[in-house]
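The listed protein sequences correspond, in order, to chains X and G.
Note that the first sequence ends on residue 144 in the working numbering; no numbers are left out.
Note that the second sequence ends on residue 1134 in the working numbering; no numbers are left out.
Quick caveat, the hints were computed from the structure, so don't treat them as lab data.
Keep in mind that a hint or two might mislead.
[Stated by the list, open to error] Covered stretches of chain X (chain G as the covering partner; in silico rule of three or more C-beta atoms under 8 Å from a C-beta of chain G):
hint : stretch
1    : 49 to 56
2    : 88 to 101
[As the list claims (entries may be wrong)] A few chain X residues facing chain G, derived, Cβ under 10 Å:
hint : residue
3    : N43
4    : V44
5    : E46
6    : G59
7    : G85
8    : L104
9    : V123
10   : T127
11   : P129
12   : A131
[What the hints assert, rightly or not] Label-pair ranges, simulated between beta-carbon atoms:
hint : chain 1 : residue 1 : chain 2 : residue 2 : range
13   : X       : V118      : G       : R1117     : 25 to 33 Å
14   : X       : R102      : G       : R1104     : 34 to 42 Å
15   : X       : S61       : G       : S1093     : 24 to 32 Å
The model shown is predicted, which means the values in this text are computed figures rather than measured ones.
Ideal placement from N, C-alpha and C gives every residue a C-beta, glycine not left out.
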Amino acid sequence: MLLNRLFPSDPFNELRREMDRAFGAFLPRGAWSCGVEAFPAVNVWEDGEALFAEAEIPGCSMNDVEVEVVGNQLTLKGRREALQGEGVTYHRQERGIGEFTRVLTLPVEVQSEGVEAVLKDGVLTITMPKAEKARARKILVKAD
Amino acid sequence: MTTTAMERANGTKAQSAMTRGQRAPRFVPRVDIAERGDELLLMLDLPGAQPDGVDIDFERGTLTIRARVQPRPIRPNLTPLYCEYGVGDYERSFVIGDEVDAERIAAEFRDGVLTLRLPKREQLKSRKIAVRNG
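Use the sequences and the hints to build the structure in full.
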């Protein structure tokens, strides 16, 4: 599945994705079940001071998404509506609709008060300062 | 030949030519296609695309959407921990029949979703043809 995202235009990935989609159709139609992958896909980085997470959630505005941080757990929740209105017929549906929830366990504890989240053009970026005890600290090497 | 040996042989111009030759990864965006009344609607997921970097071409019945996406490092010198997706340009083509009026295609880009409205061509009105007594 990681390969799926790194090399998406590879023809073998197309086949794999079609198979995922074919099997996905037989699973109970939960939220965002456009396959068997977790949604949304998340990238996480760190430096000495903080953890950074990024997720792509196109079609969600600020009111549609919730970010929660408790200890070392990050929860992303949101929803996306289908087209409303009368007389709408779908010919093809590849984008998921409905609610999604994803819980990530972070490698270190973070300070929930200092967490910031920004949503722009469908990309959610979350900055989480590490808890004091988890920060990198320079240790002076003393000559003996 | 190692890279440095090639660089030395070709000079710095070749180096930039090599980096220019490397293409950004290209992704196929997911699409929803729906019909509502007199128009076809295409909704494409293009998160991270720049609104002014989206190219929509309609030529000979084929609609092609290309979007440029700039790499977006949050900060320099971060260590990656988890990498579930890549960031790159988007491209996808659709063959649209000629029942679409190309002149009136409208596009809107919001929250990373590109919505294309393709109005159907007005049907040719039927005409009564008078028979002249010639």
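Hint check results:
no. : hint                          : in the structure
1   : 49 to 56                      : holds (count 4)
2   : 88 to 101                     : holds (count 8)
3   : N43                           : 6 Å, holds
4   : V44                           : 4 Å, holds
5   : E46                           : 5 Å, holds
6   : G59                           : 5 Å, holds
7   : G85                           : 6 Å, holds
8   : L104                          : 8 Å, holds
9   : V123                          : 5 Å, holds
10  : T127                          : 7 Å, holds
11  : P129                          : 13 Å, violated
12  : A131                          : 16 Å, violated
13  : X:V118 to G:R1117: 25 to 33 Å : 30 Å, holds
14  : X:R102 to G:R1104: 34 to 42 Å : 40 Å, holds
15  : X:S61 to G:S1093: 24 to 32 Å  : 29 Å, holds
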